[in-house]
Amino acid sequence: MMRHLKILEYALSSLLRRKYKNLSIILVYAFTIAVLGSVLFLTHALKTEASRLLADAPELVVQRIFAGRHDLIPASYADTIRSIPGVAEVRPRLWGYYYDALVEANYTFLAVEADPPGLTMLAGRLPNGPGECAIGSGVAGARQVEVGDDLYLIDSTNLGLGFEVVGVFRAESQLLTNDLVVLGQEDLIAFFGYPPDLATDLSVVIRNPTEVNTIAGKIKRLLPDSRPISRSEILRTYAGVFNWRSGMMLSVFAAALVAFCILAWDKATGISAEEKREIGILKAIGWETSDILELKFWEGIAISLTSLLLGLLVAYVHVFFLGATLLAPVIKGWSVLFPTFRLIPFVDFYQLLVIAFLTVTPYVASTVVPSWKAAITDPDSAMRG
Amino acid sequence: MTKHRLFIGLTLLQVMVLGLLLVHGQSQVSTRLRQELPDLGAVVKTLQLTDLSIWTEARYTRHPSQADHFTPFQDFPSALEHFPAGSIMAPPRTVNPQP
Amino acid sequence: MDTLIRTEALCKIYNSRRPDEFCALDQISLSIAPGEVTALKGPSGSGKTTLLSLIGCMGRPTSGRILVGGKDVAKLSERFLTRFRRQTFGFIFQQFNLIRDLSVLENVLLPLYPQPTGVAEMQQRGRDLLGQLGLESKQQLKVKQLSGGEQQRVAIARALINAPEILIADEPTAHLDSKLSADLLDILQGISKTGKTILIATHDPLVFNHPLISRTIEMRDGRIIEGPDS
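Residue numbers (our numbering), protein chains in the order written: chain A, 53 to 437; chain B, 8 to 106; chain C, 989 to 1218.
Chain A on its own, in the form it takes in the complex:
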C-alpha cells in the first residue's frame, strides 16, 4: 500500500514539474467533458420530462391530409369516429399559429370550450367569454402585459382586436405554455375566420388504452384522408429529440472527439527524449518495469480523473442549477420566445458511467502505452550514457 502511495506521490510531483502544461490539459479536457456532459444531461432530462408531461396528451389526434398537407377537418368526420366501438368521446381541437410583427415572435393560438376549469399553473383564469384571453409567460414578457391589461392582435381580416388578459401561465409551466395565447372558441373561430363545421383536428378519447392502435387503423380505413396520431407516437417523437444523428448533436460529439484525439495524439506520438532518459534513470536505480508502468498509470489517472470530475460537476451545475444558460443560445435557434430551463434533474447513470469510461481509459492508455518500450529496456543503456 505504502509503495503505491509513494509512486503516486512521485507521479504528482512529476506532473507538477510541468505545472502549466498539465494544468492547461486539465482545463481543456474538463471543458470538453463539461460541454459534452451538459449536452447529455440536458437532452436526457428534457426527453424524460417530455415523456412524463405528455403522458396526459390526447390518446389519439386525427388530422386530415389534403395534397400531402395538414388541412382542416370536417365535423362530420367526428360523427364517423364516434360510431367506432371503443371510442368514448371526440372533441374538435382548434389551434393555429400567429406571427406577431411587433416582437417578431410566433405564438400558438388555442381555443378552450366554454366553462373551463381552474388551473393551478395559471395566475388568473382561462377565458370564459368574448374578448378574453389567457397567455403564456413568454408572450406576457414579450408584449409587456399582465393580468388586466389588453393585448392587441391583428386577425385574419387585418383588423386590430383587443383582448383582455385574464390569466397568465406561471413560469413553472413554461415548457408547455410559453408561447400560448388561449381564446374562447367563438373568438378563435372569428379571429382566424374558420369556415363553419371545420376544425384543426380532432382529439379522440378511447376507453381501453390497449385498443388505440386498432381504433386508429379503423379510422384510417373509414376515412382514408385522415392521419391518426397516437399518444405513443407523440412520446416517441420526443424520445427522438437530440437524436445522435441530428446535426447539433453530431457536431458536438465530433468536436469533442476531435479535441480528444488531439490530446491523445500528443501523448501517444512517442514520449520525449527527456522522459525516456528519466525512465532509464529510474530503471537504473532499481525501479522495476511494473513500477514505471504504475507511475505512468497514476499520471494518467491524476489528469483524466480530475478532468472528468471537474467537467461533470460543471456540467451538472450548469444544466440543473443555471438552466443551461450557456447552451441555450446554441439550442435556441431562431426562436424569439424560448423557455427558461428548470429541468427536473433526471440523470441517466449509465450515461455517466460511459462518459467516465470513455474519458479515463483512453487517456490512461495513451499515457502508459508509449512508455512501454522505454519501461522494458534494460537499464544497461543508462550506464552507457
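No lab work stands behind these hints, which were simulated from the structure alone.
Among the hints, a few may not be true.
Claimed, not checked - Only pairs whose alpha carbons sit at most 25 Å apart, straight line, appear in this in silico SDA-like list of lysine to any residue:
#1 K425/A / A1062/C
#2 K73/A / L57/A
#3 K1132/C / R329/A
#4 K10/B / S76/A
#5 K272/A / F118/A
#6 K272/A / D75/B
#7 K71/A / Q1127/C
#8 K71/A / L345/A
#9 K1184/C / S1202/C
#10 K1132/C / E326/A
As the list claims (entries may be wrong) - Quick look at which bits of chain C chain A covers, simulated, 3 or more residues with Cβ under 8 Å:
#11 1041-1047
#12 1073-1081
#13 1085-1094
#14 1101-1109
Claimed, not checked - Have a look at the derived ranges for each label pair, beta carbon to beta carbon:
#15 L1129/C / V382/A: 45 to 53 Å
#16 D1014/C / S76/A: 47 to 55 Å
#17 G16/B / R69/A: 18 to 26 Å
Even for Gly, the Cβ is constructed at its ideal location relative to N, Cα and C.
Dock chains B and C against the given chain A, drawing on the hints supplied.
Coordinates of chains B and C only, in the frame set by chain A:
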C-alpha cells in the same frame, strides 16, 4: 511528501460533491414530480396539448409530433435545414397501422 | 580469502548477427574479494563500462557466468535480478544521471519510492546520508542549482541509500577538477573503510594511483591484459 494526500483528498471531495449533487437531484426528482406533475398534467389535459413549447421558429419545430411528413422537407428532401432547431429534432416517425 | 564477485569466461556481443556487430567483452574471467577497492583501467572502448554493467546486473551476458556472493545472476528472472541489484549494488554513473528538476533529497530517496519503506523512515535515512556527505543544508535545493562536485556527492548518497554491499563507479572523476577529484577519492576511501567493496572504471591516473585502490585490472579491446596485479 504530502502531494498524494492532497490529491486523494481533493479527488474524494469532488466525488463527494458530485455524489451529493446526484443524490440531491434524485430526491428533487421525486419531490418535483409529486408537486408539479399533477398541475402540469392538468394543463396538458385541459388544453389538450400535444407538444412542448420550445422551438417556435416553424410549425414543424413547434409541433413536431403533429407535423406532416412533407413540411420539414418541403423544398427538397435532402435540402439543408433552414432552422437550427430542425437539426436538433429528428423527423417524426409514425407507424401506420396496416389496414 | 572469500570471493564476492567472480566471472567465468564472460562474453558480451552487441547487435549480434547484424552488420554493426561488436564484441565488447571477450572471455573475461576474474574474481574480487569482499572489501577490495578495484580499479578497472583502460582506454575508452576497452569494455570497462560493459563489464561494470554486467557485474552490476544491469544487463545480461551473451555467454559465461557471473557469480555475486555465490549466486549465478545470469539465471535470475528480471524481477529477481532487479531486486538483487537493488539490495546488493549502488551505482555512480559517469553522467551522474540525477533528475535535475527534483530536489536533492528527492533524488537521493528516489530508489526507495517503489519500496514499502515508510515515508518518515525514508526521509531520515536520506537526511543522515546527506549529513555524512556535508549536503544537509542543500536538501531542498533543486539539483540543477548545485555545482558539479555537489551533484557528484548527491549521486553518491543516492547510491548508498539502499545500504548496498558493493559500490560501482563509472569514470567518477571525468567531470571533476583535481581538487574535487581528490575530495571524491577521500569520500570513497571513507566508504571503503566501512567494509564496502568498490569497483571503479577509470582512465584517470589520479584514481588508479591513489592509495585507496587495492587492486588494478587493466583492460584493452574487451580483454584483460595480464599484469602484476590481476
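Evaluated hints:
no., hint, result
1, K425/A / A1062/C, "holds (22 Å)"
2, K73/A / L57/A, "holds (24 Å)"
3, K1132/C / R329/A, "holds (16 Å)"
4, K10/B / S76/A, "holds (19 Å)"
5, K272/A / F118/A, "holds (14 Å)"
6, K272/A / D75/B, "holds (15 Å)"
7, K71/A / Q1127/C, "holds (22 Å)"
8, K71/A / L345/A, "holds (21 Å)"
9, K1184/C / S1202/C, "holds (13 Å)"
10, K1132/C / E326/A, "holds (15 Å)"
11, 1041-1047, "holds (count 4)"
12, 1073-1081, "holds (count 4)"
13, 1085-1094, "holds (count 6)"
14, 1101-1109, "holds (count 7)"
15, L1129/C / V382/A: 45 to 53 Å, "holds (52 Å)"
16, D1014/C / S76/A: 47 to 55 Å, "holds (54 Å)"
17, G16/B / R69/A: 18 to 26 Å, "holds (21 Å)"
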